[in-house]
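Read top to bottom, the protein sequences are chains A and B.
Under UniProt numbering, the residues of the first sequence are numbered 1 to 614, in order.
Under UniProt numbering, the residues of the second sequence are numbered 1 to 614, in order.
Keep in mind that the hints are not guaranteed to be accurate.
Put simply, identical chains are the same to the list, so a pair is met inside one copy or across any two.
[Unchecked claim] With a cut-off of at most 27 Å between alpha-carbon atoms, the simulated DSS-like pairs for lysine-lysine come out as follows:
{"id": "1", "residue 1": "K428", "residue 2": "K304"}
{"id": "2", "residue 1": "K304", "residue 2": "K413"}
{"id": "3", "residue 1": "K561", "residue 2": "K502"}
{"id": "4", "residue 1": "K561", "residue 2": "K388"}
{"id": "5", "residue 1": "K300", "residue 2": "K428"}
{"id": "6", "residue 1": "K330", "residue 2": "K561"}
{"id": "7", "residue 1": "K330", "residue 2": "K300"}
{"id": "8", "residue 1": "K428", "residue 2": "K413"}
{"id": "9", "residue 1": "K602", "residue 2": "K413"}
{"id": "10", "residue 1": "K602", "residue 2": "K133"}
{"id": "11", "residue 1": "K428", "residue 2": "K289"}
{"id": "12", "residue 1": "K413", "residue 2": "K330"}
{"id": "13", "residue 1": "K590", "residue 2": "K300"}
{"id": "14", "residue 1": "K602", "residue 2": "K502"}
{"id": "15", "residue 1": "K133", "residue 2": "K289"}
{"id": "16", "residue 1": "K602", "residue 2": "K330"}
{"id": "17", "residue 1": "K388", "residue 2": "K421"}
{"id": "18", "residue 1": "K289", "residue 2": "K561"}
{"id": "19", "residue 1": "K330", "residue 2": "K388"}
{"id": "20", "residue 1": "K388", "residue 2": "K590"}
Calculated from the structure, these hints are not laboratory results.
Each chain, written out:
Number of protein chains: 2
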Amino acid sequence: MDKRAFQFSPVQRYLDRIHEELLDLNDGAVADYIPELTRADPSWLGIAMVTVDGHVYQVGDSRQSFTIQSISKAITYGLALEDRGLDQVLGKVGVEPSGEAFNSISLEPGTGRPMNPMINAGAIATTGLIESKPDAPPMQRILEAFGRYTGRPMQIDETVYRSESDTGHRNRAIAHLLLGYGILDRTPEEVVDLYFRQCSILVTARDLAMIGACLANNGVNPVTGVVALQSRYVEKVLSVMSTCGMYDFSGAWIFNVGMPAKSGVGGGITAVLPGQFGLGVFSPRLDAKGNSVRGIEACKRLSKDFSLHLFHVARSTSATVMRQVYNCAKRTSRRRRSAAELAVLAEQGHRIRVYELQGELLFGSAESVGVEILSELARVDYLVIDLKRVIGMDQASILVLSELCMRIADQGKRLFFTDSKNLYRFRKHLQGNAYRGQEPGPLHFEDTDHAVEWCENQLIAQTDSTGADTSVADLNHQYLCAAMTHEELESLRHAGREREFKTGERIFDAGDRAESMFFILSGEVEVWIDTGAGQPLSHHLRLSSLGPGMVFGEVALVNEKRRTANVSAAMDTRCLELRFDAIPDALLVKMLMSMASHFANKIERDTQLIQQLA
Amino acid sequence: MDKRAFQFSPVQRYLDRIHEELLDLNDGAVADYIPELTRADPSWLGIAMVTVDGHVYQVGDSRQSFTIQSISKAITYGLALEDRGLDQVLGKVGVEPSGEAFNSISLEPGTGRPMNPMINAGAIATTGLIESKPDAPPMQRILEAFGRYTGRPMQIDETVYRSESDTGHRNRAIAHLLLGYGILDRTPEEVVDLYFRQCSILVTARDLAMIGACLANNGVNPVTGVVALQSRYVEKVLSVMSTCGMYDFSGAWIFNVGMPAKSGVGGGITAVLPGQFGLGVFSPRLDAKGNSVRGIEACKRLSKDFSLHLFHVARSTSATVMRQVYNCAKRTSRRRRSAAELAVLAEQGHRIRVYELQGELLFGSAESVGVEILSELARVDYLVIDLKRVIGMDQASILVLSELCMRIADQGKRLFFTDSKNLYRFRKHLQGNAYRGQEPGPLHFEDTDHAVEWCENQLIAQTDSTGADTSVADLNHQYLCAAMTHEELESLRHAGREREFKTGERIFDAGDRAESMFFILSGEVEVWIDTGAGQPLSHHLRLSSLGPGMVFGEVALVNEKRRTANVSAAMDTRCLELRFDAIPDALLVKMLMSMASHFANKIERDTQLIQQLA
């Protein structure tokens with residue numbers, strides 16, 4: 001992507017502007033509770049934003065390292081949830097705001113359970129829950145977890161760590177209290193040491209924005225694609241950030257700023273707008289509550305200037321995910337059909353309906369799509385739901401759509417999903433559940449074209465009188481010969497030459513000189529192109545398949561003198577090859593009339609389709 | 001819409017199931033703090049859900065009336081914000097969770113400001129802020145506000161009101177304390193009376209779901225379309241519901257259930273999943289904290305079974321809102337062009353690019369669309385952003401897109417928005433801002449076709465050598481005559497008849513017998529259809545406009561024998577009319593060859609376009 005896109009972006013220019021404005025804000029003081037932190041340059045200011053698309057914006061000292069401090073609490077909490085599960089973690093640490101300062105001890109009377117994981121007591125208890133694996137001690141696992149969020153290997157600032165360790169008497173006291181209540185399984189020394197190291201991990205404002213972006217993006221790092229946190233725990237981490245992340249002004253923070261956030265005394269703040277972006281700000285001057293003064297101000301301005309708020313989300317309706325709906329009376333599959341087959345599809349094709357979805361399916365949009373489908377169900381027998389452009393499905397939408405599958409099967413209708421290969425959980429769920437009551441047969445197709453062709457074949461097979469699927473057809477089935485008398489057909493037959501091709505045999509190649517057309521008498525041919533070098537997977541792209549009663553190569557009569565695609569016999573096939581220069585003059589006008597008429601009708605259908613699509 | 005769609009809906013069946021299961025849950029007791037409430041039938045259970053699409057699901061006693069009680073606090077808070085603005089309301093009532101029970105007095109030390117509007121003290125202070133208008137006293141205004149949410153006129157249960165009033169000593173005490181602190185402007189008697197009446201408003205579970213749906217739908221009632229609450233205050237009401245709505249277990253509620261909610265001692269609960277739905281549950285048995293036992297359980301099950309959570313939102317990226325992108329080398333406007341003009345567009349059309357958006361634009365998606373546009377900007381001179389399928393734009397996306405306008409104007413490119421008529425705030429903002437630096441000329445077009453035609457005209461006008469825009473063309477410019485010699489053209493001219501039409505004159509009508517074709521020699525004609533009765537607005541739908549060098553009516557030579565559209569002279573126009581039966585045999589084959597070839601090329605382009613669109 002063109003780098004200038006970001007440079008000229010409205011977002012970059014906005015961040016540049018608030019960076020410049022905030023340089024004038026000099027309130028607050030650098031943290032001094034441990035000596036090492038006082039060495040920070042109070043003038044540092046870095047701002048970064050990373051969107052869920054993985055676009056990175058940064059300005060100022062966004063690459064300056066500093067220690068993560070309390071922001072680590074949110075990440076470690078997520079790792080503890082992954083290690084121990086919800087119940088075990090909730091048994092050790094609560095989720096209620098304490099209404100008190102970050103270093104308050106706030107243990108629940110009786111159980112000694114810290115009120116929440118964002119205060120020191122809760123964070124120490126959380127760190128104590130991180131598992132040790134045979135080949136990965138807890139600290140290594142913590143560093144690796146942080147690295148999944150930031151997308152780079154993480155390191156500890158050893159000087160800050162020693163400084164924390166030398167002065168962390170209150171945290172040691174907390175750990176001993178927790179041990180006394182049975183909250184810790186390990187020695188207080190061990191847990192507190194881990195906690196000090198975790199707080200001393202070096203990050204940049206860019207890292208903080210990337211951490212926020214992972215949480216905004218359902219747990220997936222939007223740049224590397226790595227899962228930083230299992231999606232089911234993302235909402236839990238964001239919940240405690242929203243109710244407890246900003247200590248004793250969490251209510252006002254959500255009310256005014258409306259972004260779950262976490263700050264650290266190193267001067268960093270990570271803020272998250274779920275579904276949209278992560279914001280990282282670094283400026284070492286802190287207010288009395290230990291939050292970065294400029295960091296808070298940056299979050300406030302961004303929220304105010306753009307009216308951003310976590311409760312402002314995209315409505316989840318069919319209008320947001322339904323890309324288009326069409327039926328197959330007007331738009332058939334790419335398979336070329338005989339006139340008789342086309343007549344069946346023109347009359348019956350409305351019984352096949354295709355729904356193209358796009359974007360992210362949630363409960364609301366899945367429900368809305370379901371209603372739209374069910375409300376038309378009486379008029380439809382085959383339904384194809386195209387998921388090619390769907391970028392995600394949550395648990396609710398999976399349940400709603402798989403229930404829908406069963407409702408549709410109950411009604412004796414067939415439903416297919418296409419292009420669902422990236423929606424692994426959905427496919428798995430369907431395999432387990434939605435098949436019940438469904439007739440045997442495919443439920444998924446690679447693409448919509450194949451699914452529609454399958455449905456069309458059913459419709460055609462159900463219509464006995466069409467003469468479709470016969471394995472032989474005479475010239476009088478050919479649209480080009482529609483207006484000819486028996487004698488004219490005979491003279492045409494004599495002008496041509498019968499040819500036979502074995503399965504797989506090439507009839508002609510793209511680029512060949514084109515001097516004849518082929519009427520198919522029996523068998524089947526495939527028209528295809530080679531998608532060429534550089535695309536290792538799909539060399540062979542089928543454009544159409546043709547059967548008895550159809551013609552190919554005829555356009556060259558009026559147009560290009562070279563073949564534009566390859567044609568092969570898909571089974572043993574018999575054709576009448578007719579050289580253009582052998583067509584009797586008297587028949588040429590009739591064939592041209594038929595051809596132009598046929599094309600005009602095709603153009604009319606295509607035009608309707610294009611207007612429908614566009 | 002087919003009613004059965006809802007009946008068979010997975011959502012209806014799910015609600016039916018939890019309704020049945022919850023009937024077995026008989027914990028808790030009907031409220032007895034006022035005598036009137038004890039008359040409720042403890043077995044009542046009504047559940048309703050209303051989606052942001054306005055789909056209504058209900059089961060059980062969903063139409064049973066009961067008094068709204070504390071759920072009214074959220075609605076009145078919204079009305080107070082509209083009446084007084086944010087600052088004035090925040091001066092009287094805070095937004096921090098109190099961590100205490102609903103009837104706690106919880107006033108801020110010193111100021112006497114109630115901690116939040118969801119406890120009684122805060123709610124009484126809030127009710128005291130509702131303005132009295134000359135023709136609408138506060139109670140009438142409150143009833144009208146509630147009615148905007150529910151979509152029906154609201155009434156008070158007079159018996160419950162009197163019972164509340166007779167026993168509400170604690171609330172009177174609170175009001176007097178508030179008066180003492182200067183929080184109230186009116187007499188405590190007056191304010192408490194309003195408060196008792198507000199709590200005695202009769203609602204059903206369906207009403208509660210509708211209230212929730214308004215909050216989920218950015219303040220707009222999804223069934224009536226009425227604005228229940230100005231959108232900028234919706235996030236404020238949801239914020240206090242999320243941090244304070246469930247009293248002293250708000251932290252756990254957000255963590256576990258993840259839906260802002262409010263309960264009342266009448267047995268009702270309203271829960272909101274922003275962007276998705278409102279849920280209303282009614283069951284009179286309460287737990288010790290005054291919340292409906294079955295109501296809480298219904299919210300919990302729904303949240304758990306579908307993994308619903310307010311932090312689980314659709315990602316806001318270009319993948320969710322970009323419906324398609326195309327350039328006009330392959331897909332031109334509906335205006336029919338001469339061969340010379342088409343050649344210009346084939347070569348230069350890539351300089352016009354159309355972006356079709358759909359769904360709801362938020363900060364994230366607007367940013368992402370902006371990056372996509374800017375990254376290709378060097379290759380494009382005209383940009384058309386089609387907003388026809390956009391159902392909403394928030395403030396952030398308006399700012400980002402209007403900044404984008406200016407960036408594009410800075411680069412000397414032209415940007416147009418089409419079909420933006422429903423996006424009033426966006427248009428207004430652009431008028432005020434984005435025009436700066438933009439060349440004079442249109443910024444909005446009614447539809448994309450007209451915008452693209454405008455851009456095409458610019459491209460064609462810039463290309464001098466094309467011979468386009470000449471006002472006269474001879475037969476040799478006609479594609480049907482491309483292969484003819486001078487002598488053949490002369491014989492064709494003699495076979496035809498020159499005709500002149502005045503501006504506005506009808507050349508033929510749809511349905512007329514078709515026995516000739518018309519070569520345009522000068523002027524311009526319009527092909528159009530009447531969209532017919534029942535559509536009062538757009539009777540005249542232009543299909544195309546044609547100029548010198550083009551032909552119309554020619555398809556009838558090979559096809560229908562009736563006209564399929566009307567053709568009128570758009571200006572004074574001269575044509576050569578050629579009767580089909582007058583075409584010399586020798587020329588017929590040439591014309592049919594040209595026609596079939598032309599159609600074949602058109603089909604190829606259309607096929608490419610369809611594949612691109614599909």
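Structure-based check of all given hints:
Proximity of K428 and K304 under a CA criterion of 27 Å is satisfied inter-copy only: 20 Å between copies versus 43 Å inside one chain copy. Taking the shortest alpha-carbon separations for K304 and K413, neither the intra-copy value of 51 Å nor the inter-copy value of 31 Å comes in at or below 27 Å. Proximity of K561 and K502 under a CA criterion of 27 Å is satisfied intra-copy only: 26 Å inside one chain copy versus 44 Å between copies. Taking identical chains as interchangeable, the C-alpha atoms of K561 and K388 are never at most 27 Å apart, the minima being 37 Å within one chain and 43 Å between chains.
For the identical chains of this complex, K300 and K428 are inter-copy neighbours only, at 26 Å across copies versus 43 Å inside a copy, given an alpha-carbon limit of 27 Å. With identical chains, the CA atoms of K330 and K561 are at most 27 Å apart between copies only, with a shortest distance of 23 Å across copies and 31 Å within one. Taking the closest pair of Cα atoms, K330 and K300 never come within 27 Å of each other, the shortest separation being 53 Å inside a single copy and 47 Å across copies. Taking the shortest alpha-carbon separations for K428 and K413, only the intra-copy value of 22 Å comes in at or below 27 Å, while the best inter-copy value is 49 Å.
For the identical chains of this complex, K602 and K413 are neighbours neither inside a copy (30 Å) nor across copies (37 Å), given an alpha-carbon limit of 27 Å. For the identical chains of this complex, K602 and K133 are neighbours neither inside a copy (66 Å) nor across copies (66 Å), given an alpha-carbon limit of 27 Å. For a Cα distance limit of 27 Å, the shortest separation of K428 from K289 qualifies neither inside one copy, at 48 Å, nor across copies, at 42 Å. In this homomeric assembly, K413 and K330 come within 27 Å of each other (Cα to Cα) only inside a single copy, at 21 Å, whereas the closest approach across copies is 38 Å.
When the C-alpha separation of K590 and K300 is checked against a cutoff of 27 Å, the pair qualifies neither within a copy, at 76 Å, nor between copies, at 74 Å. Neither within a single protomer nor between protomers do K602 and K502 lie at most 27 Å apart by alpha-carbon distance, with minima of 31 Å and 34 Å respectively. In this homomeric assembly, K133 and K289 never come within 27 Å of each other (Cα to Cα): the closest approach is 37 Å inside a single copy and 43 Å across copies. In the homo-oligomer, the alpha carbons of K602 and K330 lie at most 27 Å apart both inside one protomer (10 Å) and across protomers (18 Å), since each shortest distance falls under that limit.
In this assembly of identical chains, the alpha carbons of K388 and K421 lie at most 27 Å apart only when taken from the same copy (9 Å versus 31 Å across copies). Taking the shortest alpha-carbon separations for K289 and K561, neither the intra-copy value of 80 Å nor the inter-copy value of 85 Å comes in at or below 27 Å. Both within a single protomer and between protomers do K330 and K388 lie at most 27 Å apart by alpha-carbon distance, with minima of 21 Å and 23 Å respectively. In the homo-oligomer, the alpha carbons of K388 and K590 never lie at most 27 Å apart, since the shortest distance is 44 Å inside one protomer and 46 Å across protomers.
Taken one by one, the earlier hints fail for this structure at numbers 2, 4, 7, 9, 10, 11, 13, 14, 15, 18, 20, listed in ascending order.
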